[in-house]
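Those protein sequence lines, which keep their order, are chains A and B.
Residue numbering for the first sequence is 1 to 315, as defined by the working numbering.
Residue numbering for the second sequence is 1 to 323, as defined by the working numbering.
In short, the hints are calculated from the structure, not lab data.
For each residue, glycine too, the CB sits at the ideal point set by N, CA and C.
It is possible that some hints are incorrect.
Stated by the list, open to error - These stretches of chain A come out as covered by chain B in the derived footprint (C-beta under 8 Å, 3 or more residues): (1) 233-247; (2) 273-287.
Unchecked claim - Pair by pair, the computed Cβ-Cβ distance ranges are: (3) ARG281/A to LEU36/B: 29 to 39 Å; (4) THR289/A to LEU128/B: 39 to 49 Å; (5) ALA242/A to VAL140/B: 37 to 47 Å; (6) THR289/A to PRO267/B: 55 to 65 Å.
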Amino acid sequence: MSAARLPSRIARHHPRGRAISISGPRRIRRASWALLLALSACRPAAPAARSGGVVDDAGDTVAVAAPPRRIVSLIPATTELLFAIGAGSSVVGRTEWCDYPPAAAAVPNLGDGIAPNVEAVLASRPDLVLLYHSAQNAAIAARLRTLGIPALRLNTDRLADVGRIGRLLGRVTGHAAAADSVAAVFDSALASATVTPTGPRPKVLLLVWEQPPMTIGRGSFLDDLVRRAGGVNLFEDVASSAGTVSIEAVASRDPDLILTTTAGPVAFASRPEWQAVRAVRERRFLPVTGSEFNRPSPRAPAAIRELSAKLRRAG
Amino acid sequence: MRARTALLLLAVLATLALGLAAGTVPLAPAEVWAGLWHSDAGSAVIVRDLRAPRVLLAFCVGGSLAVSGAALQAMIRNPLAEPYLLGLSGGAGLGAVIAIATRAAGAWAVPIAAFAGAVAAVALVYRLSLVAGRRLDPRVLLLSGVVVGSFAGALMSAIIVLSPSAGTRNAFLWLLGGFGSASWQTLAVFAAYAVLPLGLIGASARSLDLIALGEEPAHHLGADVDRTRRLVYASTALLTAASVAACGIIGFVGLVVPHAVRTVARPLHRSLLPLVFLAGGGFLVLSDVVSRTIVRPLELPVGVITALVGVPLFALLLRRTLT
Numbered sequence: 001m002s003a004a005r006l007p008s009r010i011a012r013h014h015p016r017g018r019a020i021s022i023s024g025p026r027r028i029r030r031a032s033w034a035l036l037l038a039l040s041a042c043r044p045a046a047p048a049a050r051s052g053g054v055v056d057d058a059g060d061t062v063a064v065a066a067p068p069r070r071i072v073s074l075i076p077a078t079t080e081l082l083f084a085i086g087a088g089s090s091v092v093g094r095t096e097w098c099d100y101p102p103a104a105a106a107v108p109n110l111g112d113g114i115a116p117n118v119e120a121v122l123a124s125r126p127d128l129v130l131l132y133h134s135a136q137n138a139a140i141a142a143r144l145r146t147l148g149i150p151a152l153r154l155n156t157d158r159l160a161d162v163g164r165i166g167r168l169l170g171r172v173t174g175h176a177a178a179a180d181s182v183a184a185v186f187d188s189a190l191a192s193a194t195v196t197p198t199g200p201r202p203k204v205l206l207l208v209w210e211q212p213p214m215t216i217g218r219g220s221f222l223d224d225l226v227r228r229a230g231g232v233n234l235f236e237d238v239a240s241s242a243g244t245v246s247i248e249a250v251a252s253r254d255p256d257l258i259l260t261t262t263a264g265p266v267a268f269a270s271r272p273e274w275q276a277v278r279a280v281r282e283r284r285f286l287p288v289t290g291s292e293f294n295r296p297s298p299r300a301p302a303a304i305r306e307l308s309a310k311l312r313r314a315g
Numbered sequence: 001m002r003a004r005t006a007l008l009l010l011a012v013l014a015t016l017a018l019g020l021a022a023g024t025v026p027l028a029p030a031e032v033w034a035g036l037w038h039s040d041a042g043s044a045v046i047v048r049d050l051r052a053p054r055v056l057l058a059f060c061v062g063g064s065l066a067v068s069g070a071a072l073q074a075m076i077r078n079p080l081a082e083p084y085l086l087g088l089s090g091g092a093g094l095g096a097v098i099a100i101a102t103r104a105a106g107a108w109a110v111p112i113a114a115f116a117g118a119v120a121a122v123a124l125v126y127r128l129s130l131v132a133g134r135r136l137d138p139r140v141l142l143l144s145g146v147v148v149g150s151f152a153g154a155l156m157s158a159i160i161v162l163s164p165s166a167g168t169r170n171a172f173l174w175l176l177g178g179f180g181s182a183s184w185q186t187l188a189v190f191a192a193y194a195v196l197p198l199g200l201i202g203a204s205a206r207s208l209d210l211i212a213l214g215e216e217p218a219h220h221l222g223a224d225v226d227r228t229r230r231l232v233y234a235s236t237a238l239l240t241a242a243s244v245a246a247c248g249i250i251g252f253v254g255l256v257v258p259h260a261v262r263t264v265a266r267p268l269h270r271s272l273l274p275l276v277f278l279a280g281g282g283f284l285v286l287s288d289v290v291s292r293t294i295v296r297p298l299e300l301p302v303g304v305i306t307a308l309v310g311v312p313l314f315a316l317l318l319r320r321t322l323t
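Using the sequences and the accompanying hints, generate a full structural model.
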């Protein structure tokens, strides 16, 4: 990957500099080749790249000038991983929601991670931008790449993504060894935290919103946490990531516990229509409020242990 | 005419029965019957505590919205008039978003805030429309409704964007409408509340007939146009605000049901309004049945269904009456 040999400094200072090459139309690739040749003729040879082309979760091959020194991380999960693998000092921008580790608070807040503010991203002069892989972020990824800034679109929805994305970030940022050890520690902690219950699994309603009642189905992060903690998602037959359910369905499925993600006292419990649900009448709530419960992270094994302790106490 | 009324009544009863029988949890008719009459039956909680109030609330709200629409269309003399055109939806949405953004505690905080927001918007619209002293100008009323609604909508978007609570976005879900939170308590509050405005609109039936002829003729025929307008405006606004508090914003019912009924019924409001109430109630019960059975065990917002079911029905009716 010759594009990766180009120091990002040149790319930033040269108005038409291209620090990345995306496998795209041949014409563009040829143009960047020509530009590279011209640049390398008048500059001393760049140091050998420590990272080559990276295939992100959108399937794009992105060459990252190695190693990036100014990373804008627009996913809370990747911010957390970057700090975990020792690349925290390279993070120069984060989202509003990046609340862990506490050191991340010192990183400038660029606002939302979905359809982020392009100006704010550019103003932090990044040499790598991490974006959540969603349809709304496709346009900004393309835009950043045409401006010569490598942008990776990543999925961070499941437990399996912690090790996978951690290793990917380690490779890209030159912290491969640290990332490998974080991932290995994570895998063994996950295995030891996972519970194989002897009795029946308690049925847990994952109530992510109360008015209207919304739950999340199979394959979601919370679904995975609850299953590993020894419980079972009351709506594991629902495949969608989030949906409104009727109280009638909840009442007839009769959950043993209700996991709520809102802080403070459970207000909906006093409403008459909810009294049809036994777990509400018996006030069997399981409030989880920490951010370790809403995004896959190296803290997930600890979250599973906390959850399984609560399930045991409640059961 | 009698036969048609009887037919509509029968259809409404069948719809109510369907509303009790159908739901997220499949129940055999025998189980529904047992749940209805025996409190120790396994299905009693679902049928009595969840489905029955839900069906009746949908019926009352549907009827109230349809009657509000019919009265407004007559009063403003504009077929496009509908309950949400008066800035109500914007005001209610703003109230709900503020309640969620400030994490107002309590099980009833969101509906109460939505009601307060709707009433505030209505009061503002009313004040803006009072031209030349105490005369209520329908054209100004429509325009102020639209601008107040837009203003409230803009404020709502600003709060959603600026609020640190990610839950604020979910206020939209609540506003999209649904009867998932219906209970006997909600039904009792709504029904007790709706009696007076519905009665006032019913009592204005003859004046509405006259106003439909035009402001001048109505005046000459002895109708107190201004008083009727104020009365009908206040009644429809309060009815709609209460429906928003009970179940969010459900469009389409108030706009289209009155027109649909007018294509088959006599135009006199004394006979039209009860039919509109029945048709609106039955229509909303039916839409709610679809919303809770089409993607079991999930639910679709009922406002989506009213439009999906209602628009083709209405188009069909329009074609039939025009040709």
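Stated coverage of the stretch 233-247 of chain A by chain B [criterion: 3+ residues, CB within 8 Å]: Since 9 is at least three, the answer is holds.
Could one say that the CB atoms of THR289/A and PRO267/B fall in the range 55 to 65 Å? 58 Å, holds
Holds or violated: the stretch 273-287 of chain A covered by chain B, criterion of 3 or more residues with Cβ-Cβ distance under 8 Å? That given contact holds, which follows from 3 residues of the stretch 273-287 of chain A lying within Cβ reach (below 8 Å) of chain B.
Range hint 29 to 39 Å (beta carbons of ARG281/A and LEU36/B) holds or violated: 22 Å, violated
Take the C-beta atom of THR289/A and the C-beta atom of LEU128/B, compute their distance, and say whether it sits inside 39 to 49 Å. At 44 Å between Cβs, range holds.
Beta-carbon spacing of ALA242/A to VAL140/B - inside the hinted bounds 37 to 47 Å or not: 43 Å, holds
When the structure is compared with the earlier hints, a violation turns up for hint 3 alone.
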